[in-house]
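Participant: The task is simple: from the sequences and hints, build the whole structure.
Numbering-wise (my numbering), the sequence shown opens with residue 1 and increments by one.
In case anyone wonders, no lab produced these hints; they're calculated from the structure.
Note that the structure is predicted; figures quoted are calculated from it, not measured.
In this text, a Cβ means the ideal position worked out from N, Cα and C, and glycines have one as well.
Worth double-checking, as some hints may not be accurate.
[As the list claims (entries may be wrong)] The calculated label-pair distances, taken between Cβ atoms and stated as ranges, are: (1) Trp39 with Gly78: 39 to 49 Å; (2) Leu178 with Pro313: 37 to 47 Å; (3) Arg177 with Arg108: 16 to 26 Å; (4) Pro313 with Ser15: 10 to 20 Å; (5) Asp188 with Ser44: 23 to 33 Å; (6) Thr324 with Leu28: 32 to 42 Å; (7) Glu287 with Pro32: 12 to 22 Å; (8) Gln209 with Val41: 23 to 33 Å; (9) Arg185 with Pro43: 18 to 28 Å; (10) Glu287 with Arg177: 36 to 46 Å; (11) Arg311 with Pro198: 19 to 29 Å; (12) Arg311 with Arg185: 20 to 30 Å; (13) Glu119 with Leu178: 30 to 40 Å; (14) Pro198 with Pro313: 12 to 22 Å.
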Amino acid sequence: MSALKQPPGWAGDRSKSPLWKKSDTVLLLRLPVALGLSWMVAPSGWDRLAARVARRRRDRQPERFERQVRWLDRMLDGRLDEAALEQAMFGQSANFRLRQLQILRAHRPGRWQPPVRLEGAEHVTSALAAGRGAILWVASFVFSTLLTKLTCRAAGLEVSHLSRAYHGYTSSRLGCRLLNPVQRRAEDRYLAERIVIPRNGAPVAAMRQLTQRLRENRVVSITVDSEGTTPLAVPFFAGTLRPANGALKLAASSGAPLLPVVTVRRPDGVFCTMIGSALPVERGRPEQGAQALARALEPAALAHPDQFFWRAPTVLGPEGPFPTS
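Facilitator: Written as structure tokens, this is what we have:
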């Protein structure tokens, strides 16, 4: 295990991001079409629609698809056969389209309620009984961003979520104002509040707010990401998992249990959010918690390789990051 030092003062600083990106223009043109489909097509038809888009994308860029399959094969070190690897990469592409439809459907008037289930709620109950609050450390699976929040709210959990000012589709300054609210507002329906780290990446004020919520014996959530002053590096399959140490430091300083969270879609179509038992946290030794997180995520990622977010910045394969081009 090692810590990866970032430049002084860096904690995900996006204050100098471009005003607009080419990809923002593409998204701006596609969003109205996707919005119409998400509202007019019944959710039962989304899988076929998402698969059609994923198939067209694969057939249009077969070399990229092959690079992604080979990357996953090296990452998993032969744990899946060729057919399973190809299905995982195809399924992930389709699942990203499905997630987009879910986010847009959440804006439709009337109540949208997909089938969800919460497992491990007893870990939150026991944490709150101890009086120090609970920290949900949410792993990067495709459906986590919306469905984790929706499932927790459906189970009666009021969650204060840590977020960044550029959370959403893009990090460009204008895109954050025009495009990202589409995703954020869908998620905010299921949150007690969103606590935001500003664009310059300075987390102090946000972490103070989280600490106060824990003192009030409330539930807070933090996404597993790598943006922080000292991201860690622990073995993950044949590669590396690089979680930022902020959640571990918060747990150590507050005494609140740090609970790993995974959200996946089961074969029966139910979206299941699973809250695990508390990770080991010791002040000054964040590597223990990071290693325990990696061990907890490996079985879920292997069981659902089409849903784990392999392209997340937290994940490095043995030869580098996931190939997106």
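Participant: Next, verify each hint and record whether it holds.
Facilitator: Status of the hints after comparison with the structure:
no.: 1; hint: Trp39 with Gly78: 39 to 49 Å; in the structure: holds (43 Å)
no.: 2; hint: Leu178 with Pro313: 37 to 47 Å; in the structure: violated (24 Å)
no.: 3; hint: Arg177 with Arg108: 16 to 26 Å; in the structure: holds (23 Å)
no.: 4; hint: Pro313 with Ser15: 10 to 20 Å; in the structure: holds (18 Å)
no.: 5; hint: Asp188 with Ser44: 23 to 33 Å; in the structure: holds (27 Å)
no.: 6; hint: Thr324 with Leu28: 32 to 42 Å; in the structure: violated (20 Å)
no.: 7; hint: Glu287 with Pro32: 12 to 22 Å; in the structure: violated (47 Å)
no.: 8; hint: Gln209 with Val41: 23 to 33 Å; in the structure: violated (39 Å)
no.: 9; hint: Arg185 with Pro43: 18 to 28 Å; in the structure: holds (20 Å)
no.: 10; hint: Glu287 with Arg177: 36 to 46 Å; in the structure: holds (39 Å)
no.: 11; hint: Arg311 with Pro198: 19 to 29 Å; in the structure: holds (25 Å)
no.: 12; hint: Arg311 with Arg185: 20 to 30 Å; in the structure: holds (24 Å)
no.: 13; hint: Glu119 with Leu178: 30 to 40 Å; in the structure: holds (38 Å)
no.: 14; hint: Pro198 with Pro313: 12 to 22 Å; in the structure: holds (19 Å)
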